[in-house]
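Q: Sequence:
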Amino acid sequence: MDLPTLWFGLLAFFFIGYFVLDGFDFGVGMSLPFLGRDSRGPNDVDRRVLINTIGPIWDLNETWVIVAGAAMFAAFPEWYATLFSGFYLVFLAILLALILRGVSFEYRHQRPELVWKRRFDRMIVVGSAVPAFLWGLVFANVVRGVPLDAGFNFTGSVVDLFSPYAVLGGLTTLLLFFTHGVVFVSLKTTGPIRERARLLAGRAGLVTIVVAAGFLVWTTVSFGSVLSGILSAVAAVTLVGAWLANQRKAEGWAFTLMAATIAVAVASLFLSLFPDVMPATNDPAHSLTIANSSSSGYTLTLMSWVALVFVPLILAYQAFTYWVFRRRVSRSTITGEAPDVAADASAPGPVSA
Numbered sequence: 001m002d003l004p005t006l007w008f009g010l011l012a013f014f015f016i017g018y019f020v021l022d023g024f025d026f027g028v029g030m031s032l033p034f035l036g037r038d039s040r041g042p043n044d045v046d047r048r049v050l051i052n053t054i055g056p057i058w059d060l061n062e063t064w065v066i067v068a069g070a071a072m073f074a075a076f077p078e079w080y081a082t083l084f085s086g087f088y089l090v091f092l093a094i095l096l097a098l099i100l101r102g103v104s105f106e107y108r109h110q111r112p113e114l115v116w117k118r119r120f121d122r123m124i125v126v127g128s129a130v131p132a133f134l135w136g137l138v139f140a141n142v143v144r145g146v147p148l149d150a151g152f153n154f155t156g157s158v159v160d161l162f163s164p165y166a167v168l169g170g171l172t173t174l175l176l177f178f179t180h181g182v183v184f185v186s187l188k189t190t191g192p193i194r195e196r197a198r199l200l201a202g203r204a205g206l207v208t209i210v211v212a213a214g215f216l217v218w219t220t221v222s223f224g225s226v227l228s229g230i231l232s233a234v235a236a237v238t239l240v241g242a243w244l245a246n247q248r249k250a251e252g253w254a255f256t257l258m259a260a261t262i263a264v265a266v267a268s269l270f271l272s273l274f275p276d277v278m279p280a281t282n283d284p285a286h287s288l289t290i291a292n293s294s295s296s297g298y299t300l301t302l303m304s305w306v307a308l309v310f311v312p313l314i315l316a317y318q319a320f321t322y323w324v325f326r327r328r329v330s331r332s333t334i335t336g337e338a339p340d341v342a343a344d345a346s347a348p349g350p351v352s353a
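Just so it is clear: in the sequence shown, position 265 is 265 by the numbering used here, and no numbers are missing.
These are computed hints drawn from the structure, not numbers from a lab. Among these hints, one or two may not hold up.
What the hints assert, rightly or not - What follows is a set of in silico ranges between Cβ atoms, one per label pair, in the way DEER data are often shown:
1) Arg327 with Thr281: 21 to 31 Å
2) Leu95 with Val159: 13 to 23 Å
3) Ala150 with Gly297: 20 to 30 Å
4) Thr155 with Pro192: 51 to 61 Å
5) Ser296 with Leu95: 26 to 36 Å
6) Thr5 with Pro164: 14 to 24 Å
In this text, a Cβ means the ideal position worked out from N, Cα and C, and glycines have one as well.
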């Protein structure tokens, strides 16, 4: 394997890490209107439980997109330039949404008034849903291809990015992340909110299966290879398995299979793209490939040595963080009240499959 191909694979790995980890963050944020209420209406304690499930890790998960963007900039500068200039408005919307979400997490608890908190709750929902949809839109357009000139400049408009295939890709990531996040809530909480999350994951999972299957079939038939088609089939099987595990209250397995679904689906998109990195729909000669968009051999060699040292450290630190914050979150954690023994039976120990 040559260095450009190696870094194409590493870039796929970084994006897989980002979508799996920040994906359930987005899902938890989008679940606030559905799970943050009981029979009496909106419940601030439940919403605080939801936010606390990702409170110690959401910013750590978000760093994966920084690593992925930096790796693309250094390893494939032509791809980076074409993608970020052509999709500028879409990436700007993603950036603003991520800022909105991060600010809301930090400022929501600064004042006791419910009106203040509700405003930031709405911003969390929007700041989670917008990136969840737009990331799927971006990757669907990358796989499908866009019009490029001889200098690899995007010659279309932002309207061209919202084709039916791209919109379906956005809906797929939106639903996958939502279901992934709701399953994570059922894994990380106790009591009534845990049961509500499991029921919601079952309902959302059925819609997700239908939409994701349609997108993966469309991708395989129109743009895929035999290998990417096999991975798409694996993703479909793991998604159904996650739904079945959730129905049987096996939350650990449901979350693991959801993570596997997202990982395999992203891998299939990169394989559908290979050896291109951005096909040109108007003239194949204008397409960006791994070969014509990569940095020099010296740059890729230096990056490889840096990655060999720091990627294992990043993975170890992330694993350590998840281990430290492995316990379930309950209402008693938020209110300081004595926990209900039946509802919080699993709270003192680590979450298990």
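Q: Could you run down the list of hints and mark each one as holding or not?
A: A quick look at each hint next to the structure:
1. The given range of 21 to 31 Å is broken by Arg327 and Thr281, whose C-beta atoms sit roughly 50 Å from each other.
2. With their beta carbons about 20 Å apart, Leu95 and Val159 fall inside the hinted range of 13 to 23 Å.
3. As the Cβ distance of Ala150 to Gly297 is approximately 25 Å, the hint placing it in 20 to 30 Å holds.
4. In this structure the supplied range 51 to 61 Å holds for Thr155 paired with Pro192, their Cβ-Cβ distance being about 54 Å.
5. A hinted range of 26 to 36 Å holds for the C-beta pair Ser296 and Leu95, which are about 29 Å apart.
6. Between Thr5 and Pro164, the C-beta spacing of about 32 Å breaks the proposed range 14 to 24 Å.
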